[in-house]
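Student: Heads up: the sequence shown is residues 1 to 501, going by full-length UniProt numbering.
Careful, some of the hints might be misleading.
With a straight-line cut-off of 20 Å between C-alpha atoms, the simulated SDA-like cross-links for lysine to any residue are [said to hold, decoys possible]:
| # | residue 1 | residue 2 |
| --- | --- | --- |
| 1 | 40 | 79 |
| 2 | 46 | 353 |
| 3 | 46 | 400 |
| 4 | 89 | 355 |
| 5 | 216 | 188 |
| 6 | 438 | 400 |
| 7 | 315 | 158 |
No lab work stands behind these hints, which were simulated from the structure alone.
What you are looking at is a predicted structure, and each value in this text was computed from that prediction instead of being measured.
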Amino acid sequence: MLQSGYKPYLDPEFESLIERIHPPRVTVDNDSCKDCTLVKLDSVNKHGILLEMVQVLTDLDLVISKSYICSDGGWFMDVFHVTDQLGNKITDGILIHYIQQSLCTGRTDVNADLHEVQPWLDRSVRTYHALSHQCTALEMTTTDRPGLLSEVSAVLLELGCQIVSAVAWTHNTRAACIFYVQDESTGEPITDPSRLAHIKEQLETVVGAHHANGEKRRVSLSAPAMRRTHTERRLHQLMYADKDYERPGNDSDGSAGEESSSSSSRIRKVTDSSASKMCSSKSRENGIESTQVTIEHCEEKGYSVANVISRDRPKLLFDTICTLTDMQYVVFHAAISSKGSQAIQEYYLRHMDGCTLDSEDERQRVVQSLVAAVERRVSHGLRLDVCTRDRSGLLSDVTRVFREHGLSVTRAEIGMRGERAIGSFYVTDVSGRQVDGKTVEMVQNEIGKTALMVNDSPVWSPQRSSSSSSNLSGRADDRPNKSSLRSLLWAQLERLSGIRQ
């Protein structure tokens, strides 16, 4: 049977026209709540707008203690309860203006104003993605192993590449790295196709040297781009494409439902006797239950409901929203809250095609992906902070010293701020255990104690008052009453809808 080749014409300018008529409106409210700032977003609903707003807030190192999200037909409303890292309200006019203007139509380069808000960022590197359009990007996914970062940075140095910034994550025996590089002699991006091909060939040789037959690996280089994907979002995409959400020991085809033999986690599925189904996963970190994800079907509202309970930490909301967005799921309603060390997220979802998560395999894949999204950024090992004058080969030298003293890098980020190189490395020994003090002292003596310092502060201890959190127990083994949390969500969403009217 012949099929018609006719398709309705959709003017590509139509979507931008609607956005120009009804541009996103961001308001910053310091009057409604005594101990936090409310950041409110009203916008025409479009896929990715939620992630854009969360990305703006997390890039500024703001703490989101609570959030309500509501999609009402073609309109989208968010309310975020935010403070700075010390628990203070956001009161500086420059910072407020930056937040308000961040999603305005016509802002082609939000990063252009980042230098104005730099004083509000902490010591660690938070603007490496802002430099991405000035550099050649090297992306790599491979099997995690000790010395990997050292070998790659040494090859780049030998090939005349200056590393402007680098970020590396490891999870479930997999590693993903993004390097932003320039020509060492000119300070310009590397764009010559033959040279890029040679660099890629050399790196593939290094990466493939320790691979067994059939193991996955990927190396790619891309020219500078003005609209390059946010670096940390890109890391999530790389690790998801690499299927890091599959626990070691699972079948190679990644089929859901098999219980992993890994001692670090156990995944189970629960199907109740009614028409609705629930899929759940729990992960364990050092024997402590750390992440719980369940997916249920909400028959009354026609949504799939994803619940994520985990330890609270910076950028947690960004990581989960990022993963759901890139998996092509739409968040129609959500409630996010925290108390003490525990964070609870509840999302009402449908796929972009309007369907709920109907198959068991799909629910299991989403569950595993959300667990991975939460755990990729979890810090394992001792944190070592680098702050020193930038020079050629610095990353190669630092990581070489780590390798020579038997240290394995589990997560890293480093970049330039002015004439200085600033970054952080999380390290363990080659077996994944804590590093002993004697080894740390030898590493510091070789690199320089003023250049490399041990950061033994808590991973994160936000200073929040109880009034800015929900009535949820801070104990990891306490689970909130789902019916009460759901009632709270719908009450808040109805109130927000009434405000907009």
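Student: Work down the list of hints and note, for each, if the structure agrees.
Tutor: Structure-based check of all given hints:
The straight-line distance between the Cα atoms of residue 40 and residue 79 is roughly 5 Å, inside the 20 Å bound, and the hint therefore holds. Taken as a hint, the residue 46 and residue 353 pair is honoured in the structure, with Cα atoms around 14 Å apart against an allowance of 20 Å. Our distance criterion of 20 Å between C-alpha atoms is broken by residue 46 and residue 400, whose separation comes to about 46 Å. This hinted pair does not check out: residue 89 and residue 355 have alpha carbons roughly 40 Å apart, beyond 20 Å.
Note on residue 216 and residue 188: the hinted pairing is violated, with a Cα-Cα distance of about 32 Å set against a maximum of 20 Å. With a CA separation close to 18 Å, the supplied pair residue 438 and residue 400 stays within the 20 Å bound. A distance of roughly 35 Å separates the Cα atoms of residue 315 and residue 158; the hinted pair therefore is violated under the 20 Å criterion.
Against the hints set out earlier in the document, violations occur for numbers 3, 4, 5 and 7.
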